[in-house]
Amino acid sequence: MQDTSEQFAIRVRDLVVAFRRHVVIDHLALDVRRGEILGLVGASGGGKSVLMRTIIGLIPRQGGEIEVMGAPINHDRATRSAAGRWGILFQQGALFSSLTVRQNIQFPLRENLMLSDALMDEIATAKLEMVGLKAEDGDKFPSELSGGMTKRVALARALALDPAIVFLDEPTSGLDPIAAGDFDALIKTLQKTLGLTVFMVTHDLASLNTVCDRVAALADGKIVAIGPMRELLQSEHPWVRAYFHGKRSQMLQPKAS
Amino acid sequence: MATAPLLTATPSGDTLELRPGGSWTAANAATLERLSGDIAPQLDSAGIVKVDMAGVRELDTLGAWLLEKMSRRATSAGHRADIVGIADNYSGLIDEIRQVNRRTPAPVPVRNPIVTKLGEIGRGTIGASEDITAFLQMLGSLCIAILGVLRRPRSLRLTSLTYQLYRVGWQAIPIIVLITFLIGAIIAQQGIFHFRKFGADSYVVDMVGILVLRELGVLIVAIMVAGRSGSAYTAELGSMKMREEIDALSTMGLDPIEVLMLPRILALICALPILSFIGSMAALYGGGLVAWFYGGMGPAIFIARLHEAVSVTHFEVGIIKAPFMALVIGIVACSEGLRVKGSAESLGKQTTTSVVKSIFLVIVLDGLFAVFFASIGM
Numbered sequence: 001m002q003d004t005s006e007q008f009a010i011r012v013r014d015l016v017v018a019f020r021r022h023v024v025i026d027h028l029a030l031d032v033r034r035g036e037i038l039g040l041v042g043a044s045g046g047g048k049s050v051l052m053r054t055i056i057g058l059i060p061r062q063g064g065e066i067e068v069m070g071a072p073i074n075h076d077r078a079t080r081s082a083a084g085r086w087g088i089l090f091q092q093g094a095l096f097s098s099l100t101v102r103q104n105i106q107f108p109l110r111e112n113l114m115l116s117d118a119l120m121d122e123i124a125t126a127k128l129e130m131v132g133l134k135a136e137d138g139d140k141f142p143s144e145l146s147g148g149m150t151k152r153v154a155l156a157r158a159l160a161l162d163p164a165i166v167f168l169d170e171p172t173s174g175l176d177p178i179a180a181g182d183f184d185a186l187i188k189t190l191q192k193t194l195g196l197t198v199f200m201v202t203h204d205l206a207s208l209n210t211v212c213d214r215v216a217a218l219a220d221g222k223i224v225a226i227g228p229m230r231e232l233l234q235s236e237h238p239w240v241r242a243y244f245h246g247k248r249s250q251m252l253q254p255k256a257s
Numbered sequence: 001m002a003t004a005p006l007l008t009a010t011p012s013g014d015t016l017e018l019r020p021g022g023s024w025t026a027a028n029a030a031t032l033e034r035l036s037g038d039i040a041p042q043l044d045s046a047g048i049v050k051v052d053m054a055g056v057r058e059l060d061t062l063g064a065w066l067l068e069k070m071s072r073r074a075t076s077a078g079h080r081a082d083i084v085g086i087a088d089n090y091s092g093l094i095d096e097i098r099q100v101n102r103r104t105p106a107p108v109p110v111r112n113p114i115v116t117k118l119g120e121i122g123r124g125t126i127g128a129s130e131d132i133t134a135f136l137q138m139l140g141s142l143c144i145a146i147l148g149v150l151r152r153p154r155s156l157r158l159t160s161l162t163y164q165l166y167r168v169g170w171q172a173i174p175i176i177v178l179i180t181f182l183i184g185a186i187i188a189q190q191g192i193f194h195f196r197k198f199g200a201d202s203y204v205v206d207m208v209g210i211l212v213l214r215e216l217g218v219l220i221v222a223i224m225v226a227g228r229s230g231s232a233y234t235a236e237l238g239s240m241k242m243r244e245e246i247d248a249l250s251t252m253g254l255d256p257i258e259v260l261m262l263p264r265i266l267a268l269i270c271a272l273p274i275l276s277f278i279g280s281m282a283a284l285y286g287g288g289l290v291a292w293f294y295g296g297m298g299p300a301i302f303i304a305r306l307h308e309a310v311s312v313t314h315f316e317v318g319i320i321k322a323p324f325m326a327l328v329i330g331i332v333a334c335s336e337g338l339r340v341k342g343s344a345e346s347l348g349k350q351t352t353t354s355v356v357k358s359i360f361l362v363i364v365l366d367g368l369f370a371v372f373f374a375s376i377g378m
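Protein sequences, first through last, are from chains A and B. Its first residue numbered 1, the first sequence is counted upward by one per residue in my numbering. Its first residue numbered 1, the second sequence is counted upward by one per residue in my numbering.
Chain B with its partners taken away, still in its complex shape (with noise of 0.2 Å):
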């Protein structure tokens, strides 16, 4: 059914005369366009351009653009263009292409590159400050949030807590537990491995306990928690602004702080120190795996080394700032998710940032306390 297209143009003396044949359809594209482009240097000089279209058998938009194109070039050099041979069927078609892109839309305004970046830093610096105010202004509800549950302890929406904490505390453990696991079984081979070199392979003790417990347990987890559960958070929460979920609970009176992000953040904050017990827990076993298999060292000795390397404080020092980081976890993740806007894309490159950017405070945080916990001495 299809036929190939043709166009042949015969000149006579001031006329051309244009034959297009065949199909004028999308699926011969790349011809048609071809053969247009040929012809189209011939529209200029000719005096009268007739278009005989009785050889053409199908005709769609793109055919009928590309003659109408023809035609139009041909009238703005100043000469005539008749088209002829129309068939019935097709002649409502090319009456509404002759009204198409008659209007060429405002050329956009070129500016200066210069200010273009000036621009576009000016906006870096209001983003930051903005994610900043945002934070806070997170922080500030969620504070509003907990005076009111004191105030009012049945308001606290325990059902939804005891579910969160299912999800990011209970259902995390597996695969917690084998990355904190590894961790420590490395730290110990890395640790046996060069310290024997000098004879002071006992010490892998005193190194995998105090790291793991004061710094690398909580600091692993935490990041792991930022990537499974912020992530989490920042999705539905994106998600149910897109459809306008969030809206209707504010509309019927509720607080979406209070009924979302409430539960999810405590959540967060009783989990994390129970996942980094847990981790530091499986690290040191794995350090210790490492240390009776690979140094040597059997799991008695290993044991009493521990109880004479670490204390109570080193582990005190790594749980205070779980639940530092569960907050600052769970505000960036649940700030973010509140700013998707309506597109799909919008609700990735909210995640993305919601993931970035908290692990990037947890890391800064565990700084700013190694500092704090150095200059009280603990």
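One chain only, chain A, in its complex shape (with noise of 0.2 Å):
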């Protein structure tokens, strides 16, 4: 019992999760272990951002159990107001507009912890740099952002409370290759240096190559093939084989001559 919950971040068994008749996910059995990157990826609207909204709590789900370090998660206020357990990036970055930078990253801080200003100061500053962002940026308003710094500002924001897991929901989109590039590597920084467990749902099939230690693939509602990237490119289930080795997928294939 204490092994597998110090090993395992989150595992969820059995999920079923459904919106009216049409089922999203259906008995969907998924392990994150502790300190690792998984990537998830499936089609788009397949249910991955349905998923990983049911693991914070956010959807009701219609059977199964979630447990996130120990801790079971159900879909009620107790959950969703656990905050400090996780840390999450939206897609758009949801940074709150009429909020400076700096206030945006206190924001958690401020509501959860008994802090002074000057400390709160330092930290919001500290997580600023530690994103790879300066100290002035602190004072721009979330619309004054290039979407590469939004991206690092709400994820110094779901750093705030140094959870143990970050969700991360496309943390790629919109981004040029190398403002991608330099946040998968900020992301696999961060990892170390926290020790966090990631969760990322993801199409970027760079990043999944380079930041992530597992891939999970969420086809038909369940979890098809689920392993490091070259296990998955080798997977034999059809939707798997489609999506890494489509066309656009032929830069990951090993060179056969």
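In short, the hints are calculated from the structure, not lab data. Computed from a predicted model, the values in this text were never measured in an experiment. Heads up, a few of these hints could be off.
Mimicking DSBU-like on lysine-lysine, the simulated pairs with C-alpha atoms at most 35 Å apart in a straight line are [unchecked claim]:
1. A/Lys140 to B/Lys117
2. A/Lys222 to A/Lys247
3. B/Lys69 to A/Lys188
Fit the two chains together into the complex; they arrive one by one in their own frames, and the hints show the way.
Spelled out as structure tokens, the structure:
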């Protein structure tokens, strides 16, 4: 008992999520190990975001069990308000547009901890610098940020309370390849420094290849394949084959000749 | 798992040995801040500061920063600070934290308060003149759009116009009828109550009739429409602006004024006179009911008195104002919508501005019309 909860950050068993009669997640099982970066791939509209939102308790489930860091997750206030347990990077950043960058990062600190303003400023600046931004950027408003900066600020906010797990929803979507590569490197670095477990929904084949320790493929509401990238490339499942062996994925193929 | 954080300081000769212990994590933030604050004065006096991390069981950014801050304080006082006993899994974090907060950001220059105030007044004045420019610009582009439609009647968006008419006209009827009915009833009740003192209660019909038809009917309806439909226009156009939908329209070679604003403003111009008429009738009906049940004046007498008291002129004076008020509400709502910037806050601000400004302008316009009608003797 002790070693399973020590070993796994997220355990999902027999999960069923349906909207009316439309079953999105169908008896799904998934384990995320502590300290790994897990990439989740799946068709657009195939339930990746639904799975992520169910794990963090935003969507009610019809059946199954979810455990995060050994604690059961339910669709209720208690789960959702368990701040500090996880940080979430939403796809569009979801920064509060009426607050400055610094206030955005301080928001979880201010709401959950009793800290002096001076220390809070120092922590916010520290987080900003850890995600590769400058202290001066803290006074900007979200509408003044570029796409890459928005993602970095959102990541800094997700990390504000030093959570053990971060959920990233398409972290590199909408970024140019250089910015996406930098962001991948940042995730890897922070994961090492802070000892994070990262659960990442992504379509970016390059980030799957470079930063993810394991990749899980979601199709037909189930995890049809899970393992390191090279194992998934050998998977025989038709959807996984189509995903990784399509025209766009040629660059990932080992050179035959 | 989480244990209370500790910090023991043992001075030995010139060396101050710090032994942090327990969980140095955000969960214990308040305690940690107090602990590190208490120890700070001792750091200045000690020659060598030695931090032994062996006792730390958990460490996160906050804890690491507090430790780093202590060692920086000692270093800046010209002493040596050594950190020993760092667990392997935290060495990366501590190295990272050593890099942050190194550069002090440039101080914000302090401005003269009088200059700041003058600047604000100046900006306010420029803002007011910009408002007038924006209004005139919108009026101008609307006229151009109308001319375009007159030249090519097929370019009028009939579907959109009908839909907007349904929204701002048909759907507004219940609330307009309810409000004006109540207003008419209240005026009649107050009139009867006070006029009765000097036996003039039959003149209540004159008062209700003239007041409602000339002024209140159209004014109340215009204010209601500004709050109900003007705000909706601003919010709609504002969020379309935020999501670049208006830019998308322009790049397809379409004029946003013609596609989005013209149908909306035309719908308002058509709907407001109709709503004013319905509202006036509801107010008269409310007044009549109160006169009957509260003042004891039967419907037949009420209608006969009304017939004598009001003429078509009164009705015309009221209803002529309606399209102009609709135009003002529509232009203000649309131009405020187009001024929305990227944030949710700006959307809320422009919507508020739109409602406040259009109600203000509607009342000002009503006053101007009163002067005009008085001078031409209507």
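Taking each numbered hint in turn, which are not upheld by the structure, reported in ascending numerical order? none
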